[in-house]
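J.: Could you slot chain Z onto chain U? The hints should help.
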Amino acid sequence: MTWRSVLLLALGLVVALPQGHAKAEGRSGTVSAEDWQSYKAKFLDPGGRIVDDGNGGISHSEGQGYGLLLAVLADSSADFELIWSFTRRELLLRNDGLAAWKWSPSEKPHVIDINNATDGDILIAYALTLAGERWKRKDYLAAAAKIAKSILDETVAEYGGRTLLLPGVAGFSAGDRDDGPVVNPSYWVFEAFPVLNRVAPSPKWKALQDGGQAMLDALQFGPRKMPADWVSARTRLKPAQGFPVEFGYNALRIPLYLVRAGSDDTALLSRLREGMLGEDGDLLLSDVATGSVRATLNDPGYQFVNHILACVIERVPLPERVKVFSPTQYYPSTLHLLGLSYAKEKRPECL
Amino acid sequence: MKSSTVVIAGIMFTAVGIAGFADDGLLRRNLGAASGASGSGEGVQEASFGLVDKGARSTVPEYQQVAQNTQQPAAGTTRPQAAAPVVDESALRYFASKGDTARLQAEISRLRALYPDWTPPKDPLAVPRNKDVQLETMWQLYSEGRYAEVRKAIAERQTAETGWKPPADLLERLNVAEARARLVNSSDLKQYETVIEVAAGTPSLLTCSEVDVLWRVADAFVQTDRPDRARDAYLYVLKNCESAPERLATVQKAVSGLPYDMAQELLAFERTAPGGVAEFESLRDDLARRFVAEGDGDGKLAVDPKYIQRLERLVETEGLASDALLLGWYQLRRDNMAPAEQWFRRAHDKEDSASASQGLALTLIARKAHEDAEKVLYPWRDASQDAKATYFAATANLLAIEPPVALSEEVLARIAQETTKGRDPATAQQFGWYARAMEQPATAAQWFTTALRWKPDDEPSAYGLALSLSQLGDTAGVVEIQRQWAGRSERIARLGETEEERRDAIARQQQPPVREPVPATAVQRTEPVVVTRQPAPQTTTRYVTEQPVAVARQPQRTVRSATGCRTSINPAQLSPQAALNRGWCLMDLNRPLEAAEAFEVALQAPASQMREDAAYGQSLAYLRAGLTNKAAVAATRSKQSRGRVEELQSAILADRAIAAFDAKRYRETLIFLDQLGQISTQRTDLMVLRGYAYLNLKRYAEARRIFEAVAATGNRDAQRALADVSKAQEIWPNK
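So the sequence lines, in the order shown, correspond to chains U and Z. In short: position in the first sequence from 1, add 7, done, that's our numbering. In short: position in the second sequence from 1, add 1, done, that's our numbering.
Keep in mind that the hints were calculated from the coordinates and are not lab data. We put the CB at the ideal spot given by N, CA and C, even for glycine. Do not rely on the hints blindly, as some may be mistaken.
Said to hold, decoys possible - Listed next, with one range per pair, are the computed distances between beta-carbon atoms:
hint: 1; chain 1: Z; residue 1: Gln-135; chain 2: U; residue 2: Pro-112; range: 24 to 30 Å
hint: 2; chain 1: Z; residue 1: Gly-488; chain 2: U; residue 2: Lys-213; range: 55 to 61 Å
hint: 3; chain 1: Z; residue 1: Glu-194; chain 2: U; residue 2: Lys-353; range: 49 to 55 Å
As the list claims (entries may be wrong) - Derived BS3-like pairs: lysine-lysine, alpha-carbon spacing no greater than 30 Å straight-line:
hint: 4; chain 1: Z; residue 1: Lys-665; chain 2: Z; residue 2: Lys-631
hint: 5; chain 1: U; residue 1: Lys-115; chain 2: Z; residue 2: Lys-191
hint: 6; chain 1: Z; residue 1: Lys-166; chain 2: U; residue 2: Lys-153
hint: 7; chain 1: U; residue 1: Lys-143; chain 2: Z; residue 2: Lys-166
hint: 8; chain 1: Z; residue 1: Lys-640; chain 2: U; residue 2: Lys-245
hint: 9; chain 1: U; residue 1: Lys-353; chain 2: U; residue 2: Lys-232
hint: 10; chain 1: Z; residue 1: Lys-254; chain 2: U; residue 2: Lys-115
hint: 11; chain 1: U; residue 1: Lys-143; chain 2: U; residue 2: Lys-156
hint: 12; chain 1: U; residue 1: Lys-145; chain 2: U; residue 2: Lys-353
hint: 13; chain 1: Z; residue 1: Lys-166; chain 2: U; residue 2: Lys-145
hint: 14; chain 1: Z; residue 1: Lys-191; chain 2: U; residue 2: Lys-156
hint: 15; chain 1: U; residue 1: Lys-232; chain 2: U; residue 2: Lys-211
hint: 16; chain 1: Z; residue 1: Lys-99; chain 2: Z; residue 2: Lys-132
hint: 17; chain 1: U; residue 1: Lys-213; chain 2: U; residue 2: Lys-156
hint: 18; chain 1: Z; residue 1: Lys-191; chain 2: U; residue 2: Lys-153
hint: 19; chain 1: U; residue 1: Lys-232; chain 2: U; residue 2: Lys-245
Said to hold, decoys possible - Beyond 10 Å from chain U on every Cβ pair, some chain Z residues (computed):
hint: 20; residue: Leu-288
hint: 21; residue: Lys-376
hint: 22; residue: Pro-405
hint: 23; residue: Asp-458
hint: 24; residue: Glu-460
hint: 25; residue: Gly-644
In isolation and in its complexed conformation, chain U is listed as follows:
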């Protein structure tokens, strides 16, 4: 089956979703209460802030977006309220309605960069939409629509025949950089686009989805044929200047996003898996020019990405040790819960 037909199917499902949710009311979430509890205990501060412990305890719009999404998946409306209250009050301050991306507990004002991070905005709007539909909250849906429209207006750009998602409103466009526009392929949160189309209908979401797919097909750098974290779309796609030329911490979540969005484009998924698979499911970060390994990641959250690919592609069930969630660091643990949630909801055979 091709990617696009999968998408059509996914869109079909999406239409059916509201009823599905109505039926699912009262059911527990796809993130278990225990897992969510241990995640919160480690990464959610009492004031509603998701703490990135791997980055000096700062917070960012991406973290708040993940927190909101996990709260929906854990079916915890109270935690969603908590995280949303913080997010709106502390980050959703920009004139254009997008979130300031970076927040530090030790500085005043706490926002230390007013620029946005588009994946953070997408995650927040996506989670708000799901929450609004699940708990019948018009205020969530209205807030989601506002952010989604702003994402379309401020960060979606046509360039050289491509529909691109600028990583931030400032600093990445053709006018801002010699090699601009520069994009981050891992900012394409594929599962969010059809959902956002419900609160802010626009053909651009589909264009983003198709453009993102085409871009991933084309991003085959170096001997491992892997995408880079940061890509210049100035001419032909190539690693952007001034960023590490690597398949790194950003790009490693691309396959997880793909499977969560329902992709079974085995050619693409297999290529990505081969490029990052180490021993025992370790995840390899690599130099996209030379293919040499930059880091071998053995956190179960990172490994999970490899294991879920193995299950999707080859029907290999997940190993026991990654079925159990035990929080380590904010980022891999977030990916871990997103992966487990997907397995529970869509791939019970993997568990």
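T.: Okay, now just chain Z, sitting in the frame of chain U:
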């Protein structure tokens, strides 16, 4: 009871008025939703809606009017159902239990305002505690500012207890508190649209108890160019709020952000204390300074004489140079030069500064005391762009005086140095005329050339250069200038029109006295003298009105000594500025390849003007070295002025045409010449080249037509070429 109702109602009304400016529609929706959700009794709803309607009608909130209106509802006439409102006393009980008397009192006032018929408990501290422990916790979190946690607690309880609803009072307070925090955060981050949006959505924030919020909203309006709305916010405070320090601070903020007229509007609401002292008296001196300063920037602003007089008195009593300066600029802007000079002198003598000297110099220039102006400003010439511009206005004017003023060596030397350092084309041009008046045509030619380098479209300099070259006998140089300015300057074209005139001129100009040694960079042309009898150029007053462009960036020719770059060094170690200087120096020594390297280093400069100069220099260097293609590349490495672009393109195309011809690629030669024809008038030598290209392509008719046209101007090459065409055609039938 009545009075507090009036105050609150007035506040709400005016708040609605202010917010209404931001977005009437949004506001109405929001208020509707808020009162619908509050469930606090219909009386309140009615009052809110009534206020909104009035707010929507009136653009400027009228406190008086509202006060009258709301006194009646208090008497019960428009509040038929206010008999049994359900008063939510949970906050009251919470604050009482904590012994928080300040908050308790505020809550009592608030409830009284909302429910005029409500009677507060006799001993509020004896009010029984909330029995609802969870609610108690929510109030506690709220009072600690932990709003997100209140949200969480509410949601948790709603999940656990179906049908439970939080008290409307708690929800409303939470909304307002969160909005306040968000507004303050947006304001701190200069996200002014968000500030206004939040304020519009939360009118209950805009009250006297939140003056800081009102200030922030007003500031957001100022920052987004909506001063009238800012004025309304400040007006609201002055009309309604009682706190003396806040009123004073409001005026201070308002006058710093609002234009003069609006500031006067606000000051009309000043109150007089029982002792007869006006409440803003302590601000008077600063207000006078502030308003006169605004008059400094806007010559059309009519500042009330009382402020001028107050400031004049201040100069007498306090003697601050800064106050005298304010008055000086105020008068200068109104062309009252005599008082302006007097105030500037006062400031200058008291405490000299760039501003004082600049102002004084401007008044001196105005009365044509240019020499004094130059002297006053010289020490401050580098203080600011403005000071520099004024200095060059003085120097250009000083040199332009007719008959020329005899200036000391010292003054001339320092003006020359500043001119070259500051690259001021106006003064350079006037130096040219000054040199001509002093009968130093070679120096004049040098200055005009310099002026043209800085300002390629400076026709008077081109004209002056042509005159000087003509005087020096450089016919080719004159012709070249005429070619460059063909169609752009009548007087340059007509220079040296007839033989008779030329001979007359030569006769009159037997020995051009050259008193100064010509620097190595001077015009290197030594052909027979061609002189014009054009009248002396009228340039003297030109720069009195026209401010010279003075951007100090780079020293140039006359400063560079040819010895400065004789030693070989690696230019990569130089700063961009030093590399640029070295590039020009090497060009003077005719070492173009080394110059190109130096310019390459200067091309890394952050300043675009320097990059432009470097690209220009490198292009010229490659042209001189015969590396036309490299010159073409260099020319594109930075944006260039139109004059330079045409100059470089013409030179590049001419070189390419010649190179193509030498390589016997005649069609290509014609293409380059066609391109050249599109950007500049054809040089005769290139027309001859075109003719020979035709000839070699055996396009005899075209070759002949060109040669005939050029030969008609007396061009010997063309005449010889005509013979060549004939010869070629003669040979042809024999073959």
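J.: Does each hint hold? Answer for all of them.
T.: We went through each hint and held it up to the structure:
A C-beta distance of roughly 29 Å is found between Gln-135 (chain Z) and Pro-112 (chain U), which places it inside the suggested range of 24 to 30 Å. The supplied range of 55 to 61 Å is met by Gly-488 (chain Z) and Lys-213 (chain U), whose beta-carbon atoms lie about 57 Å from each other. Distance hint for Glu-194 (chain Z) and Lys-353 (chain U): a CB-CB separation of about 41 Å, inconsistent with the stated range 49 to 55 Å. For the hint pairing Lys-665 (chain Z) with Lys-631 (chain Z), the CA-to-CA distance comes to about 22 Å; that is within 30 Å, so the pair holds.
Under the criterion of a C-alpha separation no larger than 30 Å, the hint pairing Lys-115 (chain U) with Lys-191 (chain Z) is consistent with the structure, at around 14 Å. Of the supplied pair hints, the one linking Lys-166 (chain Z) and Lys-153 (chain U) holds, its CA atoms being roughly 27 Å apart against a limit of 30 Å. Simply put, Lys-143 (chain U) and Lys-166 (chain Z) have alpha-carbon atoms about 16 Å apart, close enough for the 30 Å limit, and the pair holds. For the suggested pair Lys-640 (chain Z) and Lys-245 (chain U), the alpha carbons sit about 28 Å apart, so the restraint of at most 30 Å is met.
The suggested pairing of Lys-353 (chain U) with Lys-232 (chain U) holds, with an alpha-carbon distance near 28 Å, which does not exceed 30 Å. Distance check on the hinted pair: Lys-254 (chain Z) and Lys-115 (chain U) sit about 23 Å apart at the alpha-carbon level, within 30 Å; holds. Among the hinted pairs, Lys-143 (chain U) with Lys-156 (chain U) is consistent with the structure: their alpha-carbon atoms are about 21 Å apart, no more than 30 Å. Of the pairs offered as hints, the one joining Lys-145 (chain U) and Lys-353 (chain U) holds, with about 28 Å between alpha carbons and a cut-off of 30 Å not exceeded.
Among the hinted pairs, Lys-166 (chain Z) with Lys-145 (chain U) is consistent with the structure: their alpha-carbon atoms are about 17 Å apart, no more than 30 Å. This hinted pair checks out: Lys-191 (chain Z) and Lys-156 (chain U) have alpha carbons roughly 22 Å apart, not beyond 30 Å. This hinted pair checks out: Lys-232 (chain U) and Lys-211 (chain U) have alpha carbons roughly 28 Å apart, not beyond 30 Å. Proposed proximity of Lys-99 (chain Z) and Lys-132 (chain Z) is supported: the alpha carbons are some 14 Å apart, at most 30 Å.
Between Lys-213 (chain U) and Lys-156 (chain U), the direct Cα distance comes to roughly 14 Å. Compliance with the 30 Å bound is thereby established for this hinted pair. At most 30 Å may separate the alpha-carbon atoms for a hinted pair to count; Lys-191 (chain Z) and Lys-153 (chain U) meet this at roughly 20 Å. Under the criterion of a C-alpha separation no larger than 30 Å, the hint pairing Lys-232 (chain U) with Lys-245 (chain U) is consistent with the structure, at around 12 Å. Distance to chain U confirms Leu-288 (chain Z) as a non-interface residue, since its nearest Cβ pair spans about 32 Å, more than 10 Å.
With a minimum CB-CB distance of about 48 Å to chain U, Lys-376 (chain Z) clears the 10 Å threshold, and the non-interface call stands. Non-interface call for Pro-405 (chain Z) relative to chain U: holds, since the shortest CB-CB distance, roughly 52 Å, exceeds 10 Å. The Cβ of Asp-458 (chain Z) lies farther than 10 Å from every Cβ of chain U, with a closest approach of about 30 Å, so its non-interface assignment holds. Residue-level check passed: Glu-460 (chain Z) sits 36 Å from the nearest beta carbon of chain U, beyond 10 Å.
At roughly 28 Å, the least C-beta separation between Gly-644 (chain Z) and chain U is larger than 10 Å, which holds for a residue marked as non-interface.
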